[in-house]
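Construct the entire structure; sequences and hints are all you get.
Here the protein sequences come in this chain order: F and Z. Sequential numbering from 1 applies to the first sequence in my numbering. Sequential numbering from 1001 applies to the second sequence in my numbering.
Derived by calculation from the structure, the hints in this document are not laboratory data. Watch out, some of these pointers could steer you wrong.
[What the hints assert, rightly or not] Here are the computed distance ranges between Cβ atoms for each label pair:
{"#": "1", "chain 1": "Z", "residue 1": "R1183", "chain 2": "F", "residue 2": "T29", "range": "23 to 31 Å"}
{"#": "2", "chain 1": "Z", "residue 1": "E1143", "chain 2": "F", "residue 2": "T29", "range": "32 to 40 Å"}
{"#": "3", "chain 1": "Z", "residue 1": "G1147", "chain 2": "F", "residue 2": "A189", "range": "18 to 26 Å"}
{"#": "4", "chain 1": "F", "residue 1": "T29", "chain 2": "Z", "residue 2": "R1005", "range": "49 to 57 Å"}
{"#": "5", "chain 1": "Z", "residue 1": "S1037", "chain 2": "F", "residue 2": "R26", "range": "20 to 28 Å"}
Yeah, the Cβ is synthetic: ideal placement off N, Cα and C, and Gly gets one too.
There are 2 protein chains.
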Amino acid sequence: MAIVRKLTREEAKLVTRRRLLEATARLLTKTGYGGLSASAVAREAGVAQPTFYVHFRDKDELVRALAEEKIGEQRARLRDARASVHRMPGIEGVRETFRVGLRAIAENPGLFRLYAQERGQPGSPFGEQARRLEAELRHDLTEDLIGLGLPAATPAERTRVEMVAEAMVVQTEALGIAHLDGRYGDLEAIVDVLAAFAMGVLGHLVVAAGARTA
Amino acid sequence: MAIVRKLTREEAKLVTRRRLLEATARLLTKTGYGGLSASAVAREAGVAQPTFYVHFRDKDELVRALAEEKIGEQRARLRDARASVHRMPGIEGVRETFRVGLRAIAENPGLFRLYAQERGQPGSPFGEQARRLEAELRHDLTEDLIGLGLPAATPAERTRVEMVAEAMVVQTEALGIAHLDGRYGDLEAIVDVLAAFAMGVLGHLVVAAGARTA
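What follows is the structure, given as structure tokens:
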């Protein structure tokens, strides 16, 4: 649909900002953070280089804005999902937790490829946001696992629950990214595997602790 | 110990090559692949920039040489370990598999930080080698899991075993890297968690398939 009325100054600014952010997302997946430059982003977005600096001080500020927007959306989505998962009983709640995470990845391939790429990069503002999201997921899952019966009375037990949560988060991410790469086509088959790990480790650790099984 | 005799031309060449490789390893952990340049490597190694090009055509060739050497060493080590693990019975073999992988990480912090950093970078020759090692580990572990009783008669079952293997590899890597970051101090506690996951999922999937438990 063509926009007939001329854009206001504010609308034009918004469009240019959006173009710069989307151009960054495209370039980042090709070059990584280190290879990105303000001039390449301006070229990709089809705007003059001085215009770039009207919107962002430098590439760091640009990538930080992109990361906050895109990863922030996923964080909000996963938080909402967690609240409704909490109302599901036992194994169905466990499966739904993984399903929600996997769907987030499957529906945002560009974003999560970038996430996997930048997560390990020490100087990358996108990587920083990715690590922050990962730490939050780990924290939430730790609480959920304690709720499901994993013992956490001593510091050693608490650390163990954190390790279990961390392992589950990276499993979900890795199999989700492999799905994007076309290696595992069926999301429900991935849910099956993640649930088998989860139920297995819960049974194993809860029983080992002599507590009730979840 | 001081070397009294003057270096031969060949020895001097070897020393310079070694300095360039070690300088690259140091710089890569700071800047990532995208931020690396031949001039920065030469400066860090304390050699003149033209000398760089006596040894390597460009930074790609340099990083590829580094990756082949360092990751190749780990690959050989893990292969050797696998052969001896195969002679251990049941759970002790499973634990030893994880222990060997975790020790490789713990004893080579610089290498595995770089591994975690570059693994996701599409254009990085170091990342390429890292992904190749990961694919090999996944393949070996898939065979081992089938040996432990995971059903793999149909394509869907085979894919499931591959997913289980992939999840185990990334769990081990993630907890090993977290150990380097100082989050989990005790390697044996990590082995406990990985073994609980492994025994849990094996029990779960082998029993579910109606086959004998491993």
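Now for the hints, and whether the structure bears them out:
1. Z/R1183 with F/T29: 23 to 31 Å: holds, 29 Å
2. Z/E1143 with F/T29: 32 to 40 Å: holds, 33 Å
3. Z/G1147 with F/A189: 18 to 26 Å: Holds: the Cβ-Cβ distance is about 22 Å, inside 18 to 26 Å.
4. F/T29 with Z/R1005: 49 to 57 Å: This hint holds: roughly 53 Å between Cβ atoms.
5. Z/S1037 with F/R26: 20 to 28 Å: holds, 24 Å
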